[in-house]
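*Asks:* Taken in order, these protein sequences are the chains called A and B.
Using this note's numbering, the first residue of the first sequence is number 44, and each one after it goes up by one.
Using this note's numbering, the first residue of the second sequence is number 500, and each one after it goes up by one.
To be clear, the hints were calculated from the coordinates, so they are not data collected in a lab.
Careful, some of the hints might be misleading.
To be verified - Beta-carbon label-pair distances, calculated as ranges:
hint, chain 1, residue 1, chain 2, residue 2, range
1, A, Ala-192, B, Leu-664, 26 to 36 Å
2, A, Ser-164, B, Ala-685, 46 to 56 Å
3, B, Gly-1014, A, Ser-164, 33 to 43 Å
4, B, Val-928, A, Gln-162, 28 to 38 Å
Stated by the list, open to error - Now the stretches of chain B that chain A is said to cover, found in silico as 3 or more residues with beta-carbon under 8 Å:
hint, stretch
5, 651-657
6, 663-675
7, 812-822
8, 1039-1045
Heads up, the beta-carbon is just placed ideally off N, CA and C, and yes, glycines get one too.
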Amino acid sequence: MNDALEQLLQNPRVWRGQSDASARQGLATGYPRLDQHLPGGGWPPHALTEILLERYGSGELKLLMPALARLSQAAGKPRDDAADAGWLAWIAPPFQPYPPALMQWGIDLSRVLIVRPRQGSDALWAAEQALSSGNCAAVLLWSEAFDHAASRRLQLAAEQGASWAIAFRPPGARREHSAAALRLELANGRTGTDIFILKSRGGRPAAVHGVIHDYASLPGS
Amino acid sequence: MVTPAKTPASLRDAGPTSAVTRRRKPPPAQQSLALTPAAGTAPAAGLPRAAATRQLWLCLYLPGLPLAALQCAAAEPVDAVFDEQQGLRRILLATPAAAAAGVHPGLSVNAALALVPGLQLAARCPAREQRSLQRLAGWAERYTSFVVVEPPATLLLEIAASLRLFGGLQALRRQLLRELDSQGFAAQAAIAPTPLAATWLARAGQRRCIVRPDRLSGTLSTLPVACLDWPAAVTDALYGMGIRCIGDCLRLPRAGFARRFGAARLLQLDRALGRLPDPRDKYSLAERFCADRDLDEEQADSELLLRLCEQLLLQLERFLLARQLAVQRLQFVFYHLQEPATSLALGSARAERSMAQWLELLKIRFERVALPAPVISIRLRAGRGQPLTATSGRLGFAGEGRPGVPIAHLVERLAARVGERAVHGVATVAEHRPDYAWRLRRACDDTPRCRTEPHPGHAHRAPQLLADMRRTGSLLLQRPLWMLDAPAPLACRDGRPCYEGALELRSGPERIETGWWDEAGIARDYYVALNPAGVHLWVFRDRTGDGGWYLHGIFG
């Protein structure tokens, strides 16, 4: 293959059916059954992930915790002098993320940044700033004012800042287009949280049942 | 001081200090010069010369200050400045272009306007001149640690110790004049071992450079009396006596001179010649920055306003750089003609002095501010300066990763738009009551991490810790990831709490009690409950009051 084509294919914005998107190693979710269905074996790095859910408490945070904990610990190593990387930004969370619980999951609290804007448009703006700053390993966003344009902006900002964007949206967003690399829908099933992969760049839609079956399960238990 | 009572001593020879003048005209000088040492400063005879060799003063005299001060504050160029004397408005200074058209100092304003109809005139503003002079003094401090401000239009710089750094006398003078010129000021500069001599030389427009004290009296003698800046009555009297230059003054008998013109004038002459020490007050820097930018007419164009703000920020940066300071708070005030002023406060997470950084914050804030009316004047005020904490950067080869941009920049940008209180970090607190087991903290601290986090390794150890606890079967407290700001009361049906349906208690109770020491005591039984929608909740029964049920957290 010639160089130009090779370059083009390396561009993360090029969507290729189910070819080797695994070229980019995913960020292991901590849930092996889910990893199997994700291209790259985990969360798509430097991209936008959308999580659709009916109600808070569907295991949405537990789903992310193992990966977030690893990100924050990787950056918090003592050798990492003044370089301010590896922050976890929480933009407009609906409730208070509870620090003792975050610590139980292994999150480095000194790298947690919480932003509570008053307006929805501010939340998007703040997420974009945090993503493109290069300081944040992951940015979690809860915003009502989310549309296709916003998803594109976040996706680009995530690529630019080499960060992982996670947007939480209501299930109605299923019908809207999105530039996200990965879209999941969460639902509380009979055996725990069911995850439906709606869109996966380089993968294919799937349903994984009962991924998180214990309300307070910690990784490995 | 010189008093008639001391006159008998004047007959004594003054020793070495008298040498120069004595050579010129021995008998009167001998008689007069003796006065000063007899005035109680006998050792002073030898002292001034030694002191004078150590000092070298550069005087910057700014004759065009009234005009230049106005020009650098106004948006449109001013052609001439006038002041009012005895009810007459007369031209004080004019630009070269205006002067070429015939607008000379002393001309009445009406005559000047008749000569050049479109002449831009402005009234003299002494306060602004002084502000300009202070600002220049701050600028001059980068060349020496000792700057003296001599109103109305003179700066004195003690440069003996700065010569080697700046490449010698001439190089330093050239650099000073060039930089003054770039700021819009033209100066006459002269160098002499005493401050007064330098001042007089500069005032006379002589570009002399006197380094050796023994050359002083020879050079000063040729200067006209007018450059001494003495009151008109004194100079007129001197002219009446046929005295034209300083040399003539020096030839007069000291006692008579002091009696006629005041001992203070004699003292000035002695100081200028280096016979007596001339202590000066050092200019001390203003602690806080404050600058104005006036507009000729009201402006509403935000692009233009931002550009003007940028100029103010540039001034601020210079100010801070000279002091090795940084500030954390800035305030822009936009004045309107009719409406009350609009104030815009900027804050940054850590002390900052870079103009670019402040400008970025300003732009974020500015686009969200609705100015009620066009702006006529802008003021920038800085908060208290803090010593700049410099951090050493990383060497290029040091490793992987992008060059680290401090998180503080991100925090500042976010705080500028959403408000400072809306951006924060969190920390845990060693406390058994769930409400108090955590606190907000500032998003980024400049203090080293080990001080803010007592156990830096704790977070990394957590997974290991958890695994150990699980293996040994020790109790791990179940805490939800989502917490409500305050417990929400739950409805009860048939004695069972409900939240989107009746709750099913899965585990518990976990009893958490007391807190009498801060009057926020609790007595609660916490349960993990499951609602019909499959959401796990953290609820408690309050054991103090009516035994009601509350929702406190959600297992997200």
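*Asks:* Checking against the hints above, which ones are violated?
*Replies:* 1, 5, 6, 7 and 8
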